[in-house]
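Trainee: What follows is the residue order along each chain.
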Amino acid sequence: MKKSILKSVKKLFNKEPHFKEKSNQDRINLKHRDISTDYDENLEIFKSIFSIPKNSDVKVREFTIRTLNRRAFILYIGTMVDGAYIQEGILKPLIENVQPSRKIEDILSFPVEETKSKIGEITEDITSGNTALFVEGDHQCYLFATTNIKGRAIEKSDNEVIVRGAKEAFNEKLFDNIGLIRKKIKNENLIVEHLVVTVRSRNDVFLVYEKDLADEKLLQSIKKRINSIDSDSVIDLSILEQFLEERPRSLFPTILNTERPDRAVSFIEEGHIILLMSNSPNCLVLPATFWALFHSPEDHYLRTPYGNFIRLLRLVALFISMFASAFYIAITNYHVGMIPPDLLMAIAGTRERVPFPSIIEILMMELAFELIREAGLRVPSPIGPTIGIVGALILGQAAVQANIISPIVIIVIALSGLSSFIISDVSMNFAIRISRFLLIFSAGFMGIYGMAGLIILGLYYLVSLKSFGVPYFAPLTPHTFSAKDLIIRPVPMKLKFRPGYLKPKDMVRQGKDS
Amino acid sequence: MKQQPEKLGIREYIAIAILMAGARATEDTPATLFQKVENAAWMVPILSAALFFIPLYLLLKTMSLFQGKNLFAVMNKLLGKYLGFAVGLIIFVISSSAISFDSRTYTNIIRTYYFNTTPILVLYAILIAICAYGAKKGIQHVGSVSFMIVFWVICSLIFALLLSTQDSTFQSVLPIWGPGILEIIKTSPGSLAIYADFFLLTMLVPYFKSNKEFQKGTWIAYIFVSIQISAAIFCIVCFFDQSLGGLGYPFHTLIRYISLGTYIPNIEIFFFAIWIMGAIIRFTAFLYLNALIFGQLFKIKDFEYLIPSIATIYLLIGLIPESPIETIVHLKLTVRALAGPMFAAISLILWLAALVKGEFKHAKNKNSM
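First to last, the sequence lines map onto chains A and B.
All letters in the first sequence, in the order written, are residues 59 to 572 by this note's numbering.
All letters in the second sequence, in the order written, are residues 45 to 413 by this note's numbering.
Think of the hints as simulated: they come from the structure by calculation, not from any bench.
Among the hints, erroneous ones may be present.
[Unchecked claim] Per the computed footprint, the stretches of chain A lying under chain B, defined by three or more beta-carbons under 8 Å from a beta-carbon of chain B, are:
hint, stretch
1, 389-398
2, 505-511
3, 531-540
Glycine included, every Cβ here is placed at the ideal spot set by N, Cα and C.
Can you build the whole structure from these sequences, using the hints too?
Mentor: Put into structure tokens, the structure is as follows:
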């Protein structure tokens with residue numbers, strides 16, 4: 059009742075703006091029509107659709123097919139196709155062929171991709187780099203896959219650096235990315251499904267999963283979510299990620315974004331679903347739990363004790379980067395008795411001439427550290443290292459000498475900042491860095507009581523997070539059957555089960571006898 | 045997106061039960077028991093557990109006749125609409141006063157030991173606000189969080205008690221019977237309230253996959269908690285000896301005393317942080333249970349929306365006593381002395397009613413068919 063009143067009041071004051079929009083109904087109607095058999099009419103229609111000759115890289119080539127003695131033209135976008143292909147495979151045979159043949163398919167050496175007759179569909183094909191051939195008197199158009207888009211080669215992974223294991227990373231070319239996955243899973247059950255998300259720019263999204271593993275319901279819910287996106291353009295996978303998340307304003311990520319194909323493959327084989335998009339050098343893993351975001355592929359490539367060692371190290375780093383500064387504030391402001399007397403004297407001695415309360419000190423240094431970090435990311439690479447030296451040496455040293463910061467604060471901040479680099483996932487890293495500030499405030503407000511309260515509050519929030527129906531801390535709690543690969547990982551021989559929270563069709567990773 | 049409510053797992057339930065009932069060892073229970081039976085205080089939890097075992101067993105047996113029904117539904121079925129409501133109201137009043145006084149006690153502990161200058165209202169309001177937030181998330185999430193921290197709570201308790209043994213004298217438990225066997229037996233029924241939480245936890249039956257799982261979880265937690273409390277009191281008695289009689293909250297005095305070697309003299313903050321997390325979980329679950337009872341009593345389906353207002357009322361009730369020690373101790377002792385036997389009696393009455401009504405025979409016939 060109250061809500062509805064509020065809503066109507068809101069509506070009264072917050073009217074949707076109206077714009078004078080030009081209707082393109084004619085164009086839409088045109089796209090639903092079939093092409094005609096008349097050569098000149100076709101030429102006219104497509105010239106107007108592609109604004110030829112204003113549109114400089116759309117090429118039309120008119121010629122006569124000698125054997126059929128019929129006029130024809132091909133239409134393609136010059137910057138998206140391989141010119142040599144067209145010359146060798148399409149034009150040359152058509153013009154030079156002398157053997158009498160009635161069918162286009164028999165004349166051409168280039169494989170005909172398909173034939174289409176709807177104007178709209180043909181236009182779509184041309185814009186994605188195919189070449190269209192129109193023959194006089196034919197009621198359909200021949201389309202050839204001549205796409206050759208320039209892009210980066212497959213390179214080393216930059217953001218998820220590991221010592222052991224495959225080095226290659228996804229790039230912006232979709233075909234390369236799918237190829238990288240196919241290379242690792244040689245199985246006919248690997249499905250690459252195509253979906254179109256937006257109407258205007260027609261962004262393609264590819265769902266990659268194993269048919270005999272992925273849960274049907276999960277698949278349906280993901281497709282439903284993708285289809286419900288109402289936007290005219292989603293240009294990147296990272297934007298799609300925000301569209302797909304259940305709580306886009308949440309501090310903690312619920313979808314894993316990785317640029318490593320080996321990682322994507324390991325998730326596919328567990329029964330997860332991967333999303334790929336052209337022009338995005340990464341992939342999305344759905345659903346993702348806290349553990350997926352916390353783990354690194356290196357944990358599995360290293361031998362079990364070493365892998366577990368770095369995992370424990372990462373856990374410690376997570377705690378240090380979250381709690382170190384807040385703990386320092388709580389201890390020095392509220393629970394001074396905890397510090398051993400000698401150390402207390404030392405801290406008090408260095409703080410003697412510092413005019414600020416310790417929370418201001420910590421906040422200043424945290425801010426400085428974040429600035430250095432962000433600046434280091436954005437500066438052109440030749441002067442990158444210099445920024446680090448300037449930041450660390452000059453700022454830190456000078457701040458201490460100028461009695462603005464006490465040396466122990468530098469230690470605390472350096473420790474927590476360093477530790478935060480160990481969390482490799484970018485989103486998780488941000489989540490932890492931001493929650494660190496919240497903890498600092500709570501510690502400044504209520505000491506250890508405030509911190510403990512905020513931790514519990516945060517835990518309540520985190521366990522209520524869900525990623526496509528999967529609780530954030532599954533399979534730890536709520537408990538489901540799994541390989542027990544959480545903080546400590548067992549030896550690979552014992553990793554027998556796929557995660558139960560995904561409800562995979564096949565729970566046991568089978569061995570020889572099946 | 046509306047999601048299907050999930051079931052409460054047995055691990056999560058055990059974690060909640062341990063945090064709820066096990067916390068008694070860290071508040072004033074050891075001291076009040078010591079005042080009655082002196083150095084035999086550690087025996088009382090075990091004896092009370094044995095005593096409360098009978099009504100709890102009968103209650104669970106009665107409950108198992110009605111699969112997937114909670115305590116109030118069973119009460120309504122067996123005692124009728126009006127009597128069932130009356131008994132339910134009594135339970136609600138008792139548990140409401142218990143949560144108010146208990147949460148006030150905890151706030152007192154925080155204030156006297158760690159934050160002497162902070163106004164009690166601030167400490168109390170933070171505690172209750174966090175509990176209300178958690179309780180509103182639902183019991184499954186409370187269970188998840190308690191499962192994540194229960195290990196650390198128990199570890200820290202064991203660690204603190206182990207550290208305390210450095211300075212304790214084991215002879216102080218002698219004479220083993222304290223003031224005499226008769227005195228211990230007389231105290232035990234009055235201390236049934238230690239296990240009153242298990243009676244309230246039967247409200248959670250519909251959240252389980254089956255009654256069997258609930259029973260299994262209850263017994264595991266029951267045995268664990270009785271041993272935990274008894275062991276904790278044993279250590280505390282050994283540590284304080286006769287001076288325990290004059291203490292309010294012995295566990296907190298203990299963690300202030302112990303030290304980690306000579307270099308780190310005070311480590312109470314670690315224990316306090318973990319203890320307060322456990323305490324928050326405890327009151328969250330308690331608050332949720334009370335809201336659930338209230339919702340059942342007055343047939344409110346979406347009782348989760350009541351939690352903030354109920355929490356505020358408890359906060360206000362808890363704030364009423366000006367001088368906490370005097371008033372609260374008296375009121376609390378009365379409530380406690382009342383709650384345990386009352387809950388035991390209700391369990392027995394339910395069982396008797398089921399017996400008289402022939403529900404057991406009925407169930408048997410159904411099974412044999």
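Trainee: Going through the earlier hints one by one, which of them does the structure break, listed in rising order?
Mentor: Checked against the structure, no hint fails, so every one of them is satisfied.
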